[in-house]
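Chemist: Chains as they are written, first to last, in the numbering used here: chain A, 383 to 621; chain B, 383 to 621; chain C, 383 to 621; chain D, 383 to 621.
Be aware that a few hints might be false.
[To be verified] 20 Å max Cα-Cα, derived PhoX-like pairs, lysine-lysine:
1. C:Lys470 to C:Lys445
2. A:Lys492 to C:Lys492
3. D:Lys568 to B:Lys492
4. C:Lys568 to A:Lys568
5. C:Lys501 to A:Lys470
6. D:Lys470 to B:Lys488
7. C:Lys601 to B:Lys601
8. B:Lys522 to C:Lys601
For the record, the hints were derived by calculation from the structure and aren't laboratory data.
These are the residues of each chain, in order.
Number of protein chains: 4
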Amino acid sequence: MDNINVLVWSEYRQARKDPEVKNLYPEGINSYIANFLKENQINTSTAHLDQKEHGLSKKKLAKTDVLIWWGHRAHEEVSDEIVERVHKRVLSGMGLIVLHSAHYSKIFKKLMGTSCSLKWREDSELERLWITSPGHPIVKGITGDYIELQEEEMYGEYFDVPNPDQIIFTSWFEGGEVFRSGITYKRGQGKIFYFRPGHESNPTYHNKTVQKVLKNAVKWANNTSINSINFGNSPEMLN
Amino acid sequence: MDNINVLVWSEYRQARKDPEVKNLYPEGINSYIANFLKENQINTSTAHLDQKEHGLSKKKLAKTDVLIWWGHRAHEEVSDEIVERVHKRVLSGMGLIVLHSAHYSKIFKKLMGTSCSLKWREDSELERLWITSPGHPIVKGITGDYIELQEEEMYGEYFDVPNPDQIIFTSWFEGGEVFRSGITYKRGQGKIFYFRPGHESNPTYHNKTVQKVLKNAVKWANNTSINSINFGNSPEMLN
Amino acid sequence: MDNINVLVWSEYRQARKDPEVKNLYPEGINSYIANFLKENQINTSTAHLDQKEHGLSKKKLAKTDVLIWWGHRAHEEVSDEIVERVHKRVLSGMGLIVLHSAHYSKIFKKLMGTSCSLKWREDSELERLWITSPGHPIVKGITGDYIELQEEEMYGEYFDVPNPDQIIFTSWFEGGEVFRSGITYKRGQGKIFYFRPGHESNPTYHNKTVQKVLKNAVKWANNTSINSINFGNSPEMLN
Amino acid sequence: MDNINVLVWSEYRQARKDPEVKNLYPEGINSYIANFLKENQINTSTAHLDQKEHGLSKKKLAKTDVLIWWGHRAHEEVSDEIVERVHKRVLSGMGLIVLHSAHYSKIFKKLMGTSCSLKWREDSELERLWITSPGHPIVKGITGDYIELQEEEMYGEYFDVPNPDQIIFTSWFEGGEVFRSGITYKRGQGKIFYFRPGHESNPTYHNKTVQKVLKNAVKWANNTSINSINFGNSPEMLN
Chain A
383 MDNINVLVWS EYRQARKDPE VKNLYPEGIN SYIANFLKEN QINTSTAHLD QKEHGLSKKK
443 LAKTDVLIWW GHRAHEEVSD EIVERVHKRV LSGMGLIVLH SAHYSKIFKK LMGTSCSLKW
503 REDSELERLW ITSPGHPIVK GITGDYIELQ EEEMYGEYFD VPNPDQIIFT SWFEGGEVFR
563 SGITYKRGQG KIFYFRPGHE SNPTYHNKTV QKVLKNAVKW ANNTSINSIN FGNSPEMLN
Chain B
383 MDNINVLVWS EYRQARKDPE VKNLYPEGIN SYIANFLKEN QINTSTAHLD QKEHGLSKKK
443 LAKTDVLIWW GHRAHEEVSD EIVERVHKRV LSGMGLIVLH SAHYSKIFKK LMGTSCSLKW
503 REDSELERLW ITSPGHPIVK GITGDYIELQ EEEMYGEYFD VPNPDQIIFT SWFEGGEVFR
563 SGITYKRGQG KIFYFRPGHE SNPTYHNKTV QKVLKNAVKW ANNTSINSIN FGNSPEMLN
Chain C
383 MDNINVLVWS EYRQARKDPE VKNLYPEGIN SYIANFLKEN QINTSTAHLD QKEHGLSKKK
443 LAKTDVLIWW GHRAHEEVSD EIVERVHKRV LSGMGLIVLH SAHYSKIFKK LMGTSCSLKW
503 REDSELERLW ITSPGHPIVK GITGDYIELQ EEEMYGEYFD VPNPDQIIFT SWFEGGEVFR
563 SGITYKRGQG KIFYFRPGHE SNPTYHNKTV QKVLKNAVKW ANNTSINSIN FGNSPEMLN
Chain D
383 MDNINVLVWS EYRQARKDPE VKNLYPEGIN SYIANFLKEN QINTSTAHLD QKEHGLSKKK
443 LAKTDVLIWW GHRAHEEVSD EIVERVHKRV LSGMGLIVLH SAHYSKIFKK LMGTSCSLKW
503 REDSELERLW ITSPGHPIVK GITGDYIELQ EEEMYGEYFD VPNPDQIIFT SWFEGGEVFR
563 SGITYKRGQG KIFYFRPGHE SNPTYHNKTV QKVLKNAVKW ANNTSINSIN FGNSPEMLN
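Same shape as in the complex, but just chain A:
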């Protein structure tokens, strides 16, 4: 099997300014994730908002098998041209993993076609992510019925997204809410996984089970079965 090329993108703004975030992710969330993902068959690199073309050149994207996206306060600063470029790559088969507050990113909203709105409360409370699709590659090797995080931001339903293909995790929050926290979609030939946890001031990505989920998700989202599609007369081509 060929290696998987993973590109981890984040805004990389708060990690440079906010001491609390800096303390958890000194090199940024993108670098932190890229580091723990690295293993035998996974190559990782990073990109961020303030790089040229947000670090997402055509060349770079063409070589990317799976893109991981973490965004929070600067969604509007991502250029529409780059969003269009990422969108085309997803439809052509690049995997996309969307994390936490990136539910409001331009690319996720464009792929979903809905508002992607939700309820939230920043209160570092207990979250339990119940496995609701046992047997799915994304929960391979996860033991127990749920993943427990002692401190997380709450996201609550209604989450305005299309009916997912699979609901991998459903969260329970201490304060009384529930949330579809791990959901999959296929758009064109691209596989998409939205994963809820990952508030910048909680140590969520330090959690070994969360890391395991993301490693599994990378392998799942890497589409090695891409077909050439012929649209005949049509002006647009997917591939």
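With the hints as your guide, set chains B, C and D onto chain A.
Modeler: For chains B, C and D alone, kept in the frame of chain A given last:
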């Protein structure tokens, strides 16, 4: 619009023996539900396990638009022949509303094709049923984001059912669990709604909002668009 | 039941210039459809591209229960601001029926999140639309297993759309292709139906069964169960 | 990666009696399929109706990763006890590939919960299986938009099965019908693929592309991500 003929079935065993259940449902859960469902365009009648053919004669079923099923301890006493008969009627377009512990009924397991297993704990705890499909006819007129029941039995994931068409409610339980509590399916031309709450020793069906959900569900499950299907050479016919 | 307010939109360009189209639809496709839809409980009006705000003012849309969209060669001339406005109304519960070449309209692409590409051939060939969801309100009262159109443009798979909620019709074409010709989606609280036939130089909308399908679709897409959604802290509101 | 243990089951009746079938599949359809599937990481064995326990002992099934099922005229001769046994293994994660006339097998009907009825015509006509889920592992490496079979039995819609998770192939038949010919489901932790072609008197399984589809399907259906599920108080356990 024609009236809707609803038949409400329950075992009607515990309501005759157990004082706690008798106190809540003196004439049985079937009669209690049949009473509150009655309105302008809804005709209701009841049936129970100990009647001839469990009260589900061919003639009776042929006239039933929506069948409501509550069962608990006597699933195995329901005859396979009657289950087969109900199954055929569902595929031909009769609506089916499956309540609470009827997740383990023969008819629900036959329609789902899975074990329908789940976790449970009888502890009269707080349940919140969050609306996860706003805009669906089953939650028409329900105000607020959730329905709250002070005392219910807990059912927890993993609930071994096929991916639902729609998840209308997702429950949060005080003790830390979540559950897909209101789920819809179409099998053949029949519309199916499974609704979780309704433990026999809690006053759940006395709750006005729960009653509203069941009224809505009856209207939704009543299929007024049944087509005649031609299977040509095939030995089995749906209609 | 309240009346349903249907707004039928088309570019209304070809019907003014092209003699073949003018002959079939002298007042435009929008007016032709609006006329046959009118009945007891359906009010209809029309709008087209060259009107102010494309005939889709905020006031007009606010009163519209179901919008029907036929577009072909001028998709790019529809302003992004109006598309945004229609999109918000769909998420808030307005029904949307997308016809034929409007698969490439901005609004459909925005709601789907995919390229919506397909194969096509303009050859006035035989099409059979097989019913693949009997018992669905959109095929209520349609007798027989399929609808046959003697002359239509061919659209062929692969059709790059998300997995539909229901596939109501699957087409067979004389030339050897198949197509998912009647597909439903829910986005936010809005119900969406894409219906393939309707080439401007074929008399498709003169066909009584096609007219029946569109009447059924209007009733289905009219969402009378809209809930008020509370997104708490979130900046965007659906309703 | 561990090897995949595939067990290919067929009635093995017609291949012993009917000269036409014997000519195509001298050792039976099960042996023929088992032979072409064999490769580096796939171990195959066969079983048939007239063996003890239909060749499906508990021990044998426990070691089977993917079961392939071809049945036609003797569905009723398969014992309910063995069907129950296979069903439990599927829910626990064994893959199941159901071929052609096995749409009417007890095991498929039990897993679907519907009649699985369809239209058919035995006329050795042209079939084109259009790819309607490009990018899916089951069509990996299949070039072109469709697979063409010169002579096959026709199966036509309506096919009474639950809404599939994915529709991999949609067939076009010379005589005017369409059919959802390659469909996937997940039940419990088991992955299921129904594949339409394979009439016993047509050389379908001799076709190299059909063989490729079945090899792909075996790899897809082999679930290497099985979780241990805890149902707490529940009497039934999936795993």
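Chemist: All the hints need checking, so say for each whether the structure fits it.
Modeler: How the hints compare with the structure:
no.: 1; hint: C:Lys470 to C:Lys445; result: 14 Å, holds
no.: 2; hint: A:Lys492 to C:Lys492; result: 7 Å, holds
no.: 3; hint: D:Lys568 to B:Lys492; result: 16 Å, holds
no.: 4; hint: C:Lys568 to A:Lys568; result: 16 Å, holds
no.: 5; hint: C:Lys501 to A:Lys470; result: 19 Å, holds
no.: 6; hint: D:Lys470 to B:Lys488; result: 16 Å, holds
no.: 7; hint: C:Lys601 to B:Lys601; result: 15 Å, holds
no.: 8; hint: B:Lys522 to C:Lys601; result: 17 Å, holds
Against the hints set out earlier in the document, no violation occurs for any number.
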